[in-house]
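Asks: Chain by chain, the residues:
There are 4 protein chains.
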Amino acid sequence: MTLLADLLSTVFERRYLRPSSRRRLDDRSLDDLANDLVGSAGETSGLKLAEDILAGYEELDDDAKLAFFKKITRSLDLNPGAVRSTLDAYESQATKATYRNFLAAAEPRRQELFRRLNRLPGATGALVRMRADLLRLGGRDNELAALDLDLRHLFASWFNRGFLVLRPINWESPAHILEKIIAYEAVHAIDSWDDLKQRLAPDDRRCFAFFHPSMPDEPLIFVEVALTRGIPGSVQAVLESGREAMPAEDADTAVFYSISNCQAGLASISFGNSLIKQVAADLAAQLPDLKTFVTLSPIPGLTKWLTQESHEWDHAASDDMRNTAAHYLLNAKAKGGLPFDPVARFHLGNGAMVHAVHANADVSDKGCQQSGGTMVSYLYDLEKVAQNHENFATTQKVLASAAVQAHADASAIAVAQER
Amino acid sequence: MTLLADLLSTVFERRYLRPSSRRRLDDRSLDDLANDLVGSAGETSGLKLAEDILAGYEELDDDAKLAFFKKITRSLDLNPGAVRSTLDAYESQATKATYRNFLAAAEPRRQELFRRLNRLPGATGALVRMRADLLRLGGRDNELAALDLDLRHLFASWFNRGFLVLRPINWESPAHILEKIIAYEAVHAIDSWDDLKQRLAPDDRRCFAFFHPSMPDEPLIFVEVALTRGIPGSVQAVLESGREAMPAEDADTAVFYSISNCQAGLASISFGNSLIKQVAADLAAQLPDLKTFVTLSPIPGLTKWLTQESHEWDHAASDDMRNTAAHYLLNAKAKGGLPFDPVARFHLGNGAMVHAVHANADVSDKGCQQSGGTMVSYLYDLEKVAQNHENFATTQKVLASAAVQAHADASAIAVAQER
Amino acid sequence: MTLLADLLSTVFERRYLRPSSRRRLDDRSLDDLANDLVGSAGETSGLKLAEDILAGYEELDDDAKLAFFKKITRSLDLNPGAVRSTLDAYESQATKATYRNFLAAAEPRRQELFRRLNRLPGATGALVRMRADLLRLGGRDNELAALDLDLRHLFASWFNRGFLVLRPINWESPAHILEKIIAYEAVHAIDSWDDLKQRLAPDDRRCFAFFHPSMPDEPLIFVEVALTRGIPGSVQAVLESGREAMPAEDADTAVFYSISNCQAGLASISFGNSLIKQVAADLAAQLPDLKTFVTLSPIPGLTKWLTQESHEWDHAASDDMRNTAAHYLLNAKAKGGLPFDPVARFHLGNGAMVHAVHANADVSDKGCQQSGGTMVSYLYDLEKVAQNHENFATTQKVLASAAVQAHADASAIAVAQER
Amino acid sequence: MTLLADLLSTVFERRYLRPSSRRRLDDRSLDDLANDLVGSAGETSGLKLAEDILAGYEELDDDAKLAFFKKITRSLDLNPGAVRSTLDAYESQATKATYRNFLAAAEPRRQELFRRLNRLPGATGALVRMRADLLRLGGRDNELAALDLDLRHLFASWFNRGFLVLRPINWESPAHILEKIIAYEAVHAIDSWDDLKQRLAPDDRRCFAFFHPSMPDEPLIFVEVALTRGIPGSVQAVLESGREAMPAEDADTAVFYSISNCQAGLASISFGNSLIKQVAADLAAQLPDLKTFVTLSPIPGLTKWLTQESHEWDHAASDDMRNTAAHYLLNAKAKGGLPFDPVARFHLGNGAMVHAVHANADVSDKGCQQSGGTMVSYLYDLEKVAQNHENFATTQKVLASAAVQAHADASAIAVAQER
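Quick mapping for you: the protein sequence lines, in order, are chains U, P, X and E.
Every position in the first sequence, counted from 1, becomes a number in the working numbering once 4 is added.
Every position in the second sequence, counted from 1, becomes a number in the working numbering once 4 is added.
Every position in the third sequence, counted from 1, becomes a number in the working numbering once 4 is added.
Every position in the fourth sequence, counted from 1, becomes a number in the working numbering once 4 is added.
Each statement offered as a hint is correct.
One copy or any two copies: either way a pair holds, since identical chains are not told apart in the list.
In silico BS3-like cross-links for lysine-lysine, where the CA-CA straight-line distance does not exceed 30 Å:
no.	residue 1	residue 2
1	K52	K388
2	K100	K339
3	K100	K75
4	K184	K201
5	K69	K100
6	K388	K295
No lab work stands behind these hints: they were computed from the structure.
With these hints in hand, go ahead and build the complete structure from the sequences.
Replies: Here it is in structure tokens:
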């Protein structure tokens, strides 16, 4: 084998969980195994236990999974007495030993269980799928919420930005990755491989995804980008089939028109912020003529808010729709003072600003339903995102261009309120 | 750029910390920045802070580093009051919110600091070097021991076996990796590139290292292996220059004759156990005629123990030396009942057994000094390591072959004690 | 950039012919440029000329291409006078100089033209496409046949087996390669990406292609393989959608059920022989339980021959069909004594033997039409192919299993002829 | 195995010639085998024959190799009668068949032998080594000159620029490649791995090599480059140990200070021209501030010419030395009017010009001996090389800067001649 093959076969070494077909584990014993694993002194027997637990888990039905979650939540729960006594000891004399004892007591043993399971090659993906099950099955159960917070705490550490790898996704990417892009696209559905090729192959289209080295076949999040001259007025224009591609060098604008999270098990672990900024920075370095980095985003909460607030919506006039949408984005607030619109919260929280509002920009059924066809462009000014982000975090004030501000002021709702 | 280059340039994307040459930070402000980073709401400003902290840290001298460690140890310490009150709240009502609050309070904010620093590409290696500094400068300071335990806790999670990558190291490996193998070899020094080639290039020599994807240029630990017929009687025979190499297919034995940890900053994070077992398993799969997996290990504690115990050592007779070494390995105990010899503790703890003791097996100055030239082979029987490991963990009994047992029984010390 | 990216970006460096959009070349000047290129002393100006010629050629319509072919055929033709005089000089005194002069004179300058064009990165693929044009447009023109033989002579040298690279094609291959597999499959059409996945992704399916390093995006020829227990009786069974895949380790037979050439411009440059044997050897090494390597091949000439020979064909009885097909394969001869069936000629010429004949084995329209649904398995016995090949080359005798021989003997045609 | 490993293990698949240890071939039979190979109808038996020939050849001593060369030169020689008769036939009727027959007859069968040997994976390198033997052993033998011209004709086609791959060589390159760089450096010897690192690792040093995909472990030619501000006055300044490296971005000049051919068997196959120009173009694209591309070249013929022409050389005054060297470069001619200096011929033939002459620029023994310590910088102006090359090819006039022209005019020799 060559150097290159040597290196590569191990960089992204495939990791298989061999199902322990010889024996069928009941859920009771799975919990026992978990307790054994946390209690075991050494790594050797631990790997065998980990393999049995993860393979056994895969064979459980939903009820058994739920039962397993409940059992380990209880059997490996925090021991408040131990927390208190080790804390007392540490306070009376702060030494290496008293601190180590406190650290051990203050962390529920469930976290140690997951860390030990994760020693098994390939386990990271299995644990992400396990959390997806937990979120799906656990509902609002308070006990299981603790289990979920344990996993989330570990995942925040393991899926730290510093460990992620940004990869371009294009028409030369492996098919088994591309079929996942088709499956995971959450904003503007991809109908077919031809449709996918239209989004990846032309010189004025780009796509990037974050991967984790331990899950090389699974994108975590991806963003689709159109390189354009000026900001396009509608997503249908961006996705128009049969359009002629433009040389990338001729573009002055990068439009982030779709961002999709791929892993249900990584809910609440945020990647989108880093992804947009890194992609913007990379594109700026590659294509020096790119000056403007904007999104073309849905306004998912608009119709809902209008209904809730009993405002009327004049479907006839697109001017009015644009004004209404601008007003909504700038002034509609959720409890706590943050913007009502979830997508607005995400981009404003990243340090972007409301740059332009477009009428008739998503005329699909979904687009008409949720926002009367309006869409919005958030602007990422790389020089200003850090400052914008700080301002927004402090003041919750929605930063918008003068044009959007004018639309908002002109909206019937604003006018009515003024009177 | 091609698919492959696309993929690869990002798999192992180089991550540089640009030193913020514009400004020199004093250590006070570095601590302030650290507090800002932990307190900041968002990721955007965080990356800038992280970059300033890590770049500023690199410019500190040892005194300033020590001062920085002390400051963050205190300013980001545990708040026992908060631990107690959140624990009380959680006990009175276990909800998602009360549990989250407890988790946050029970973890010193230092850990969050390191996690946030680690968001910066390239930071993992910088944090490992930071811990090396801490271990070097911190001594037995109780306060700093807490800081070290914090880092160790994070590293144990980040350098989890499931995240490591095993790579063969051979004469086709990149020179910048190979020069680190020369530098880090801790057991039998590598004198020159020619010497290195003798250990890597022949068909009957192998070397493997663990890497972490975020530190692709830095081996974490490596093992050197000789493929032989039978167990060689001395390390000089293994390393003899000018010896004729054997086709790997003709070997029946794999001898692990050197294991070296490379990163001072990863002290107490154990990899060696996994490394030996995975390498043994991989070699067994590649070369089906390999039946025996043994080490050729130093006995670093022997002379020290003999002196300490006031035993005499007869340098004249190698038979006696072998008997004495066997006795030592089987019977010399440290406090707590574990073997006195640190290398013995490591291999027995991994599930290996004492297989053979060799006289005149390391006739270098170091070898003569530490063990009168004796060495030992620990046997890794892949079928039995898990069971052996459990037995040793439970009973601390040293498992040895009949031959070694006989040598031990025949030793003058044993005979004297028997009388 | 990393080592790996460095290496790889250049291994398969993309090579683009920039169309010289500034100027439109007429076909006259293209011929002039070609003469300039062959006459030019140095490489520097040559690359520019080569670029202009290849870019100019791409813009020609078919008539202009044909005119260009005719012009260079004449203007760079062999000079018989020079051949004779240099040969005389060489015969009168065999020196380095006289031999060099003869070599130069005996090769038409057209070949030097193509070698110089090929100095341009990316030109190899362009020249292959140029020959495809030539074959398509040139027909039976005697002059152009010489031009074609020149290209074929060069291609036979450039696409020498020693320069080709065998790559597995699977569901992790790049999409732009896979879409070519769909396009080029010539035997059993691939309907969709789902169909393709069925042929590539299951553990008991394999596909391999030859590539040339200078045309990394273009498969030259590929073979599809089914791993089975026993020889399947029909291609529909092999391709059945919804069938359950088998672990590759359980297979005892590798069935080569489709081989497709991809490049019209490489007609008469044979790869199939090497491909089958190398794939068989590689599979044998990977999967030691594979014992039988057979094709499941069409019998494209059967119906045609029956019609031509005025034999009758009894569609009702599949036994009869099998007998008839066996008789045809063993006894139907083309002019010169080789088998009438082109696929039989190919496999027997490779050293395979006729192993089994299957009735109702391809019930597609095409299969029924060309061979009444019969198919044939040629056996590649790796130990015997060289000897079989020699025997066949010498004697033209068709080697067949006893079973096939029996079927042939039992056929109505054979019985009739015997009478 | 992963996609990447799949791809890569085959891109640069290692190709081994297994020595046919079972049998020792005498040289007679080797010639017989060669004749068999050329005569054999098919590829299958051919590969076996090729393997036997190449493996047998490796075991021959020099005398036997020479005998083998002579035998195949004769037994596979051109048949002038066949050339004449096929040419007559072709002239009387130009058809595909008559042309094919002529092509076959006009090429000595030795070329077909080498093409067939080359079908064997790994054979290309073996054939290059074979030609190195031939050049070493063949001397001025007229018969063997023909064999050499046959190989050279094939190699010119196989090692066509379009098939070569440019790779950067740096401190992250594989050690087995780097040890060849040490071995092959022909201009300024590399003393040690430390010396090598000084030439590869600093940010202001670069090295590039051409490779052929079928010989991935063997550089064909490499060039070493220093990135500097201004043109350095001596090679000792370039190679000074302990000098401080400069950021590559700060450089305005790329100095090609060493070019070495690596393969004796590829003598007379020119790569240097392409290498310099491609490296210059690549560096210009990467580092836009690089404006000047020059060599720092030896003047190997100067002392020899002065002696031959009985000119005196004043070692005391470096001004005079510079003038003398300038005069020599501009005016000293070989037979036929080309420059006397071989390095001058190479660079001027590439389209470079004489840019500057440096006194005391190579004060090594070799430098003092061959040119009194003078060196010369040839300038590659990428905009002008094609035109310069044409001019030089047509007129043989040496293009030089005004400064060098002035030095030449001021030289004592010129002054004396003028009188």
